Amino acid sequence: MDIKEYFTRISYQGSYDKPDLATLTDIFQHHIRTVPFENLSIHCGESIELNLEATYNKIVRKNRGGWCMENNHLLSWVLKTLGYDVTLLGSKVYVPEYDAYADEIDHLLLKVVLDDRSFIVDGGFGMAYQMWQPMELISGTDQPQAPGVFRFLEKSGVWYLEKVKRKQWVPNQSVSASYNTEEEVCRRVYLFTLQPRDIEEFRACNAHLQTAPDSLFVTKSICSLQTADGIRALVGWKFTEIKYSYRDNMDLVEIRILTDEEMEKTLKEKFNITLGKKFVPINTSRLSLF
13 MDIKEYFTRI
23 SYQGSYDKPD
33 LATLTDIFQH
43 HIRTVPFENL
53 SIHCGESIEL
63 NLEATYNKIV
73 RKNRGGWCME
83 NNHLLSWVLK
93 TLGYDVTLLG
103 SKVYVPEYDA
113 YADEIDHLLL
123 KVVLDDRSFI
133 VDGGFGMAYQ
143 MWQPMELISG
153 TDQPQAPGVF
163 RFLEKSGVWY
173 LEKVKRKQWV
183 PNQSVSASYN
193 TEEEVCRRVY
203 LFTLQPRDIE
213 EFRACNAHLQ
223 TAPDSLFVTK
233 SICSLQTADG
243 IRALVGWKFT
253 EIKYSYRDNM
263 DLVEIRILTD
273 EEMEKTLKEK
283 FNITLGKKFV
293 PINTSRLSLF
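Residue numbering for the sequence shown follows my numbering, beginning at 13 and increasing consecutively.
I should point out that these hints are in silico values taken from the structure, not numbers from a laboratory.
A portion of the hints provided could be inaccurate.
[What the hints assert, rightly or not] Derived DSSO-like pairs: lysine-lysine, alpha-carbon spacing no greater than 27 Å straight-line:
id	residue 1	residue 2
1	Lys30	Lys177
2	Lys177	Lys277
3	Lys255	Lys280
4	Lys16	Lys282
5	Lys290	Lys179
6	Lys250	Lys179
7	Lys290	Lys70
8	Lys232	Lys255
9	Lys290	Lys74
10	Lys277	Lys250
11	Lys104	Lys92
12	Lys30	Lys104
13	Lys16	Lys92
14	Lys289	Lys250
15	Lys232	Lys250
16	Lys280	Lys232
17	Lys167	Lys123
18	Lys74	Lys282
19	Lys282	Lys70
20	Lys282	Lys250
21	Lys123	Lys177
22	Lys290	Lys232
23	Lys70	Lys250
24	Lys123	Lys179
25	Lys16	Lys167
26	Lys74	Lys177
27	Lys104	Lys177
28	Lys179	Lys16
29	Lys280	Lys175
30	Lys30	Lys167
31	Lys16	Lys74
32	Lys277	Lys289
33	Lys123	Lys70
34	Lys30	Lys16
35	Lys289	Lys255
36	Lys167	Lys104
37	Lys232	Lys104
[To be verified] Restraint-style ranges between C-beta atoms, simulated for each label pair:
id	residue 1	residue 2	range
38	Ser257	Ala112	29 to 35 Å
39	Ser227	Ser27	26 to 32 Å
40	Lys290	Gly169	43 to 49 Å
If you're wondering where the values come from, they're calculated on a predicted model, not measured in any experiment.
Backbone N, C-alpha and C fix where the C-beta goes; we use that ideal spot for every residue, glycine too.
Please take these sequences and the hints and turn them into a complete structure.
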């Protein structure tokens, strides 16, 4: 594995000799804008390996993306290689349709300590809840970013991440009947503790999420990528592009239903992904990812 090859993959040409917040943020933003959050392997008959070299080969050499245990595992290697103080953490993602957090840890994120300040770095959440900058680990303080206002709340050693949502303008209402446009002001994202984790602790989760019949990742094929001003996402056959703050406190949401024939071209042109095996899209879960 070669850090310069990774930088070529994410089109990063900045300096990296000083492990500071500005460099961390720059590398992080290049990553989320070039490496998709995606679970397409599951829907191509491939397994997702929890192995750093396999992840490196997939993301860096094959121009693919991955889910949290791939993106953030790779980012942890990148940041450690550059001299950052990195700790793996585990979180439980909030599931709106059940109004509850997952029973077991199902998400990998990173804590980075810089000059005695702790930051959460999460390049593997995807969709509209993907943070665009490292977030300082402080409770009750709004941290505005382009996707919206994020904040942490800490209670008895448990940390909660939430995001304040903006209003959405959806011009093409005809294809958005099932689109989640309820007046939800704030969305809980996940909870976590600061207990250090080892990648081996995520093996069961990695296996479960790609095989369990009720897993979101089994019931939805997902590919999302952050852009300069928003996000694009392909969930099943539904292609969505969001432009953040298109109007005052309002995001523009454009939706199109693709045909099977458009899939390959869309993945290549919008996400820079070429799949080696037959892709079978699916979207049977009613859970909104926006």
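Going through the hints against the structure:
no.	hint	verdict
1	Lys30 - Lys177	violated, 35 Å
2	Lys177 - Lys277	violated, 31 Å
3	Lys255 - Lys280	holds, 20 Å
4	Lys16 - Lys282	holds, 25 Å
5	Lys290 - Lys179	violated, 37 Å
6	Lys250 - Lys179	holds, 20 Å
7	Lys290 - Lys70	holds, 17 Å
8	Lys232 - Lys255	holds, 23 Å
9	Lys290 - Lys74	holds, 16 Å
10	Lys277 - Lys250	holds, 14 Å
11	Lys104 - Lys92	holds, 24 Å
12	Lys30 - Lys104	violated, 33 Å
13	Lys16 - Lys92	holds, 14 Å
14	Lys289 - Lys250	holds, 21 Å
15	Lys232 - Lys250	holds, 11 Å
16	Lys280 - Lys232	holds, 19 Å
17	Lys167 - Lys123	holds, 18 Å
18	Lys74 - Lys282	holds, 16 Å
19	Lys282 - Lys70	holds, 18 Å
20	Lys282 - Lys250	holds, 13 Å
21	Lys123 - Lys177	holds, 24 Å
22	Lys290 - Lys232	holds, 16 Å
23	Lys70 - Lys250	holds, 25 Å
24	Lys123 - Lys179	violated, 31 Å
25	Lys16 - Lys167	violated, 41 Å
26	Lys74 - Lys177	violated, 34 Å
27	Lys104 - Lys177	holds, 20 Å
28	Lys179 - Lys16	violated, 40 Å
29	Lys280 - Lys175	violated, 30 Å
30	Lys30 - Lys167	violated, 34 Å
31	Lys16 - Lys74	holds, 16 Å
32	Lys277 - Lys289	holds, 14 Å
33	Lys123 - Lys70	holds, 24 Å
34	Lys30 - Lys16	holds, 15 Å
35	Lys289 - Lys255	violated, 31 Å
36	Lys167 - Lys104	holds, 15 Å
37	Lys232 - Lys104	holds, 19 Å
38	Ser257 - Ala112: 29 to 35 Å	holds, 31 Å
39	Ser227 - Ser27: 26 to 32 Å	violated, 41 Å
40	Lys290 - Gly169: 43 to 49 Å	holds, 47 Å
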